[in-house]
Every structure is written in structure tokens, then in C-alpha cells.
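> In case you want the letters, here they are:
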Amino acid sequence: MTSTLLRRAAASVVAALLVLQSASLAIAHSSDPPIAWPLFSADDVLQFRWMEGEVPPLKMRIAIVAATADAAASTASRAATIAFAAGGSSTIEYGANVFCGASGLACADGWHAPNHFHVAFRTHGYQFDWGRLQWCQMQTPIANGCYDVENIALDEFGHVLGLGHHVNFSDESDYLDAIVQTVSRARPKAGWNADAFGRCDVSKLQLRYDMVNSARRYSTCLDLATTLSLAVTDTSIRIGDTVTFTATVRVADVAAYERLRTNFVSQRKVVLERRIPGAAAWTTVATLPFGSASGTYVINASPTLTYEWRGYFLKPADEGLRASSSAPFTVTVAGGCSSPPCPQFSMDKSQQRREP
Amino acid sequence: MRLRPWTETIGPPLLAAVAIVSVVAPAVASPPGSVVAGNSTMRRAPIAEPLPTCRPDLQPAARKPPALDGASWYRLDPLFDASGGLNGQRLVVGRVGRHDEFGMSLAVESFASGPVGGRILVGNDDGQRSIVRLLDVAGYCAAVVHEGRDVTRRAILEPSGRGMVEFRLDRSSRADRGIWSRPFDGSRPRRLLDPLAPNARIGRVFATELSWSSDGKRLIVNSCGESFCLARIFDRSTAQVTTIDDPRIGEVIGLVGDDLVAYGGCPTLPCEVVAMDLRTGGVRDVASLAGLATTSVANGRAVVAFEDFTMDGRLRLVRLDGSGLRTLELGDDLRLVPAPDRALAAIELPAGVVAVAAGSRPSKAGLPATFIDLADGRQLPAPEAIR
Numbered sequence: 108m109t110s111t112l113l114r115r116a117a118a119s120v121v122a123a124l125l126v127l128q129s130a131s132l133a134i135a136h137s138s139d140p141p142i143a144w145p146l147f148s149a150d151d152v153l154q155f156r157w158m159e160g161e162v163p164p165l166k167m168r169i170a171i172v173a174a175t176a177d178a179a180a181s182t183a184s185r186a187a188t189i190a191f192a193a194g195g196s197s198t199i200e201y202g203a204n205v206f207c208g209a210s211g212l213a214c215a216d217g218w219h220a221p222n223h224f225h226v227a228f229r230t231h232g233y234q235f236d237w238g239r240l241q242w243c244q245m246q247t248p249i250a251n252g253c254y255d256v257e258n259i260a261l262d263e264f265g266h267v268l269g270l271g272h273h274v275n276f277s278d279e280s281d282y283l284d285a286i287v288q289t290v291s292r293a294r295p296k297a298g299w300n301a302d303a304f305g306r307c308d309v310s311k312l313q314l315r316y317d318m319v320n321s322a323r324r325y326s327t328c329l330d331l332a333t334t335l336s337l338a339v340t341d342t343s344i345r346i347g348d349t350v351t352f353t354a355t356v357r358v359a360d361v362a363a364y365e366r367l368r369t370n371f372v373s374q375r376k377v378v379l380e381r382r383i384p385g386a387a388a389w390t391t392v393a394t395l396p397f398g399s400a401s402g403t404y405v406i407n408a409s410p411t412l413t414y415e416w417r418g419y420f421l422k423p424a425d426e427g428l429r430a431s432s433s434a435p436f437t438v439t440v441a442g443g444c445s446s447p448p449c450p451q452f453s454m455d456k457s458q459q460r461r462e463p
Numbered sequence: 244m245r246l247r248p249w250t251e252t253i254g255p256p257l258l259a260a261v262a263i264v265s266v267v268a269p270a271v272a273s274p275p276g277s278v279v280a281g282n283s284t285m286r287r288a289p290i291a292e293p294l295p296t297c298r299p300d301l302q303p304a305a306r307k308p309p310a311l312d313g314a315s316w317y318r319l320d321p322l323f324d325a326s327g328g329l330n331g332q333r334l335v336v337g338r339v340g341r342h343d344e345f346g347m348s349l350a351v352e353s354f355a356s357g358p359v360g361g362r363i364l365v366g367n368d369d370g371q372r373s374i375v376r377l378l379d380v381a382g383y384c385a386a387v388v389h390e391g392r393d394v395t396r397r398a399i400l401e402p403s404g405r406g407m408v409e410f411r412l413d414r415s416s417r418a419d420r421g422i423w424s425r426p427f428d429g430s431r432p433r434r435l436l437d438p439l440a441p442n443a444r445i446g447r448v449f450a451t452e453l454s455w456s457s458d459g460k461r462l463i464v465n466s467c468g469e470s471f472c473l474a475r476i477f478d479r480s481t482a483q484v485t486t487i488d489d490p491r492i493g494e495v496i497g498l499v500g501d502d503l504v505a506y507g508g509c510p511t512l513p514c515e516v517v518a519m520d521l522r523t524g525g526v527r528d529v530a531s532l533a534g535l536a537t538t539s540v541a542n543g544r545a546v547v548a549f550e551d552f553t554m555d556g557r558l559r560l561v562r563l564d565g566s567g568l569r570t571l572e573l574g575d576d577l578r579l580v581p582a583p584d585r586a587l588a589a590i591e592l593p594a595g596v597v598a599v600a601a602g603s604r605p606s607k608a609g610l611p612a613t614f615i616d617l618a619d620g621r622q623l624p625a626p627e628a629i630r
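In the order they appear, the protein sequences are chains A and B. Throughout, our numbering is defined as the position within the first sequence, counted from one, plus 107. Throughout, our numbering is defined as the position within the second sequence, counted from one, plus 243.
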């Protein structure tokens, strides 16, 4: 009885470990988790001022302002931008203790979103158990062990914009995928002076704030399913008639995709494929030119035989979108060639040439 | 403001010079250990003058429940060099209802703790040696209670007042040397807790804070990395150590009975507040979005006071099961005064009373804070001396 219980317990533990392992695999290389406070409005400009009586030293102020530019240049989303303005409603301070608690290099408070935020930097020379905090910008010359103000400011701005700490692999091999980290790195460890949001910061910003437009690239930290629909102006034609194929690519309608769900996906590569009805293999016949409407790809064609057709969206190598294909349909061609070899397909000359 | 005798002897010329210095360089540190006469703005420039030496009363300090009128308080403020780097701390101490505050400038590696029975422990490290002084606030004197080569990173008074508990670091490597009990009667110090073993979850230790349970029977050692914390609880009667290495438990707020009240594992505030039953290990929610928080005991029962960010930061008083007692709206800029390690300040409060102050720290001379009785949520009247 006891051994049975032990075996069951052991089996449960093994199962639990497997679940945990798969969960951790799922977590790693995923987007940063959200932070708990509300979001600022997309496309907003968050202006901050230096807190009266707790103004950072000039060298730190310069680095913090540089970090606002880093953020603006690397969110790749509609996340709010952060900018210094003497009359800004948000504040950045230097030397606070109450706000940050006993540990931490800096801290952020976004609970008053969408109105204002608050960021505090620990003083240069602050004494921790491990030693004195040194900000690299305050040193001449810069020595190892210091922390980069610009990097840490970008981390705090990530928090302000709604990012929680990235969950790394246990060996931290993916550390550079995010600026917003639980443990900051001091010089000269890799990433100590990274000055752009990492791909897994960007992915969460995209999820939470949306893309700037349908042509912008999705972060490779995402793995979004897509849908492709293909329409044709007529499914029953006579030989010599011209039809228009219109493919539309969108991000799939999945709740976890937050603001990205059902987004149109423009200016990628979509191909048109056909096969003899009943055949297994598809043949690519053309790459569809971009349509004028968001997410569309359009081509005119004059089929000379009856075929099944579908569109195929190829997974881009440089972004986090999955491939997808449309449901096939048949375009029946009447009055066509009956003794091979027959011309199979002709396209509007104003559009893309047939592929070999 | 009543001037101390030493200022009366220095004479007007020096005071005039001091006034000029205070305008030109208000944030420049004076030599560590020197005394600063306080005023209502606490900006008077330092005057190099050691505190008179006194032999503190070594009788148990838990003489009687502290009264609000005349209760001691302190706060620490950073001092900067010309480039904006930290080069010291200014300690200002005072008493509620009195206008007799005074101050000391300290080195960067320094701390204050208490007050207990009107006394404050002040640690100062000059890079060669750590010196811990016991300040008698009302007596305006200080006694050196420890001097050593290890870095005394933190120390708190024993509830009895007969000794202190200290956290030591090796001077050259800054390796943890453990938690020690040091009696003031000159007997040998005794190690209570071993150095903290390396812990991957919390990483490099940024801060180690010491505090006592509300009944003074258990010592809490809270070690925090850049984002996460670990707590060790030392029971003085059994010498048993309970280690709480749990991601649900962050910075400790207090220990009342068997309930360890702490922030959840958030890197910043607001954060949830939870209570862990040390007997069972069970964790229950006390508050979902708390800002500054503190624990106290009112009518024999634990109360958590916290800024509730689900209610615009109003002050909420709740039991440990999360049941609400009352909600209070504070005046402009008034915030709860939290635990000393977060506030870098403290007021010796009677049980069942919490303090709120501008910027969450004792600020004004005479009446450094406003006091709230947890039993009925009412503001206590200002002490007689300053009304």
C-alpha cells in the first residue's frame, strides 16, 4: 500500500515536473509579461519634468533624455512616446528612498496611467550590501561594475509603458531579447549598455498598443497565426475572360493576440497556386502584387483550363508570423482547349509575370 | 527653538558664517559625526561639534509604553558632492511636541534605527572602521557601543535595550558575516544566524534589513536582491530559524503573532499585501494594490494600514483576513509613514497608532507627522507642548 502510494506520488511529481517544464519552455522566449498597472493611450506623448529638489545630475539627465529617444526609435508599435518638457505632468527624480524601497537601482510607477508616471533613480554612490552603486555616466574614466543610466532608464520606460520583467531561460541565453529585466547587468557583461528595446519587449508593446500600420514587421518574439482569404471575381468563365484574384492576409482572431487580432498584414509575399482538380500537389503560378487596400494582394488572370486555386502566405523570415493558405476553390473555364498542349494561364501584362 | 548650550557658546560670528555657507552650499556634507543644529526646515549648515558623551541607561528600555508627546523620531537625507554623487547622509533627530531637534552628518555607509525608549542606534563607517553609537535623544548625548573592523551594515536595538543585533559584512570582500547579538555590557557577541547562502532566486543581495516582531520575541532578517526577497525569522526563545524562500513573499512589512505580513513578489509598488501563517505556510491576500504599508496592533488584534490604490491611495485599515475596518482620506501630500527601512525615517509610536506625514517621512519640527488612532480611525490631537 505504501509503495503504491509512493509510486503514485512519484508519478504525480514526474507529471508535475513535465507540466512545469513544458510551461517554462512556453514562457521562455515569449513576450514580456504585462505589468499590473493600466496602459497609457496609444500614440500618446508622455511629458515628464525633473522633480523639484531631486533633479538628477546633468550627466544622468542627458542619458535619460537619450533613453527617451531610444524608446521612441525601438517600440515598433503605437506605444506612447516619452519626452522631456519643463511643464510635464510626469516626474523623474533622483535620490528617492521611500518609492524604491531598500533595493533596486531605479523604479517606476505607472499607476496613474493614462495621466502621468513617476520614475526614480537611486543616487550615484548609494551603498548596497554588495558595494556602492556607480552610474557609468558619472564616472571618469568609466570602470567595470558600473550601470548604464541610459539602459536602466529604458528599462524603467518599458515598465511605464506596461512591460513586466522578461522571463529568461535558466541559463539566460536569451537575456538580450529584452531590456526589461529582473536583474540588470553591469559593465562589461553583455547587454549592459543595450539602448533599444529587445524583441520580446517589442512584441509585448505591439500586443498591447498595436502596430503603427499594416506594413510594419511583427517582432520575431511573436508567433502569430495568420489567415488568408482568396476571392475571385468569377468562378465560371469562358476562355479568354479575365478574372481578378484578391488575397487578404490578416492576423488570426485569437484573444491572446490582444490588439493585433484580425490586423491586416500588408506588403509581404503571397503567392497564387493552382492544381488540376483532384491532384495532390500545388504549383505556384505567381507572386501577387500588393493591393491598394490594407492586407490585400491582387492579380488579374485569364485561365485557359479549369483549375483549383488557392493563395499561400509564406512565413516571413524576419518576423513572427506563421504561414497560412486560403481554402481552395475552382474556377471553371468553358470553351477551352481540348487537345494538349494547351496554354494554361495568362496574366494581365500590367501585373507580375508568370513564374517559371 | 531652544538652542543647545554648545550653540550659545560658539557666538554670533560663526552663526553668521554658517548662514552664508548654508545658502551657498546647502547640500555639501560636513565631516562625518559632526552635529547639525536643526530648525523647522532642517537645512541649517553643519557645525563640527561632537555630541556630548553620555553613558546610556542600560536598564531595560521597555519601561513603559511610549507616549506620543515627546516621542523620538529621526530621518536620514542624502548629501551630495558638487557632481551630484552621494557623499554622505544627514541624520536629524527630534521629539514630538518639542522644537529641539538636532542632526549629524554621516558617511555614505551609515544607518540609523529605532527609536526604542527614546534612543537611536547610529552606525557610521569611515572606510576603515564601523562605529555604532547609541543616541539618547532627550539627553542630547551619545555613547559608542561598538567599534570594529568588519562593516556593521545594519543594527537594531534589542527590545530590552540591553544590546543590539547587527548584520556584519567583511570589509574587503563584503561577504556576509552573519547576524550577531551584541550585549552592551561588554560580554562576547554571539552569532544568531549564519551568512546567507547564495540564492539564485534573489541573486546578489542589495539590502538586508532587520526588524522585530510586534511582540519583540522574533527577529526578522529580510534579504533582498534587485527584485526579490528572502526572509529568515529567528525565534529568540528557541533559537530556531525559519526561512521563507517563497516567490509569493517579498519585502516584509511586519510580523504579528504567527502572521508574516509582506508585499507579494512585486518589483515595485503598488503591490499586493499578503499574510503568511508561519505555522502552516498558508498565504492569504490582505490587499490587492497597496502602496506604503505598515502593521500595528490595536485592541490586541493585528491591523494592516496601507495606501489602497484601488481607492485612489486612500488609507485603508484592515484585519489580516483582509476584512476592512475603515477607510480614511488623508490631506494633501500626506502619506503613510512606512517601516524605517523604506522611509529611512522612524517615529517611536505607541501601539495602535500610525503616522502620516508629508512625503511619507517625518518632516516638520515639533510636529513631524500627524497621528491616527487605529482603534477608531481618528486623528490624535497634537501634543500639548505645540498646540
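Calculated directly from the structure, the hints in this document are not laboratory data. Wrong hints could be hidden among the right ones.
Partner residues are not named here, just some residues of chain B that face chain A (Cβ under 7 Å, in silico) [what the hints assert, rightly or not]:
| # | residue |
| --- | --- |
| 1 | 321 |
| 2 | 327 |
| 3 | 351 |
| 4 | 446 |
| 5 | 448 |
| 6 | 455 |
| 7 | 457 |
| 8 | 476 |
| 9 | 490 |
| 10 | 491 |
| 11 | 494 |
| 12 | 511 |
| 13 | 564 |
| 14 | 584 |
| 15 | 585 |
Across the chosen pairs, the derived CB separations fall in these ranges [unchecked claim]:
| # | chain 1 | residue 1 | chain 2 | residue 2 | range |
| --- | --- | --- | --- | --- | --- |
| 16 | A | 276 | B | 418 | 54 to 64 Å |
| 17 | B | 619 | A | 238 | 30 to 40 Å |
| 18 | B | 372 | A | 154 | 41 to 51 Å |
| 19 | A | 156 | B | 296 | 16 to 26 Å |
| 20 | A | 280 | B | 484 | 47 to 57 Å |
| 21 | A | 365 | B | 480 | 46 to 56 Å |
| 22 | B | 459 | A | 319 | 58 to 68 Å |
| 23 | A | 173 | B | 500 | 47 to 57 Å |
| 24 | B | 441 | A | 250 | 23 to 33 Å |
| 25 | B | 574 | A | 280 | 44 to 54 Å |
| 26 | B | 381 | A | 156 | 52 to 62 Å |
| 27 | A | 156 | B | 619 | 37 to 47 Å |
No residue lacks a Cβ here, since even glycine has one placed at the ideal position from N, Cα and C.
> Now, for every hint given, state plainly whether the structure supports it.
We went through each hint and held it up to the structure:
no.	hint	verdict
1	321	holds, 5 Å
2	327	holds, 3 Å
3	351	holds, 5 Å
4	446	holds, 5 Å
5	448	holds, 5 Å
6	455	violated, 17 Å
7	457	violated, 20 Å
8	476	violated, 18 Å
9	490	violated, 11 Å
10	491	violated, 15 Å
11	494	holds, 6 Å
12	511	holds, 5 Å
13	564	violated, 23 Å
14	584	holds, 5 Å
15	585	holds, 5 Å
16	A:276 with B:418: 54 to 64 Å	violated, 29 Å
17	B:619 with A:238: 30 to 40 Å	violated, 47 Å
18	B:372 with A:154: 41 to 51 Å	holds, 48 Å
19	A:156 with B:296: 16 to 26 Å	violated, 47 Å
20	A:280 with B:484: 47 to 57 Å	violated, 36 Å
21	A:365 with B:480: 46 to 56 Å	holds, 54 Å
22	B:459 with A:319: 58 to 68 Å	holds, 59 Å
23	A:173 with B:500: 47 to 57 Å	holds, 51 Å
24	B:441 with A:250: 23 to 33 Å	holds, 25 Å
25	B:574 with A:280: 44 to 54 Å	holds, 52 Å
26	B:381 with A:156: 52 to 62 Å	violated, 42 Å
27	A:156 with B:619: 37 to 47 Å	holds, 40 Å
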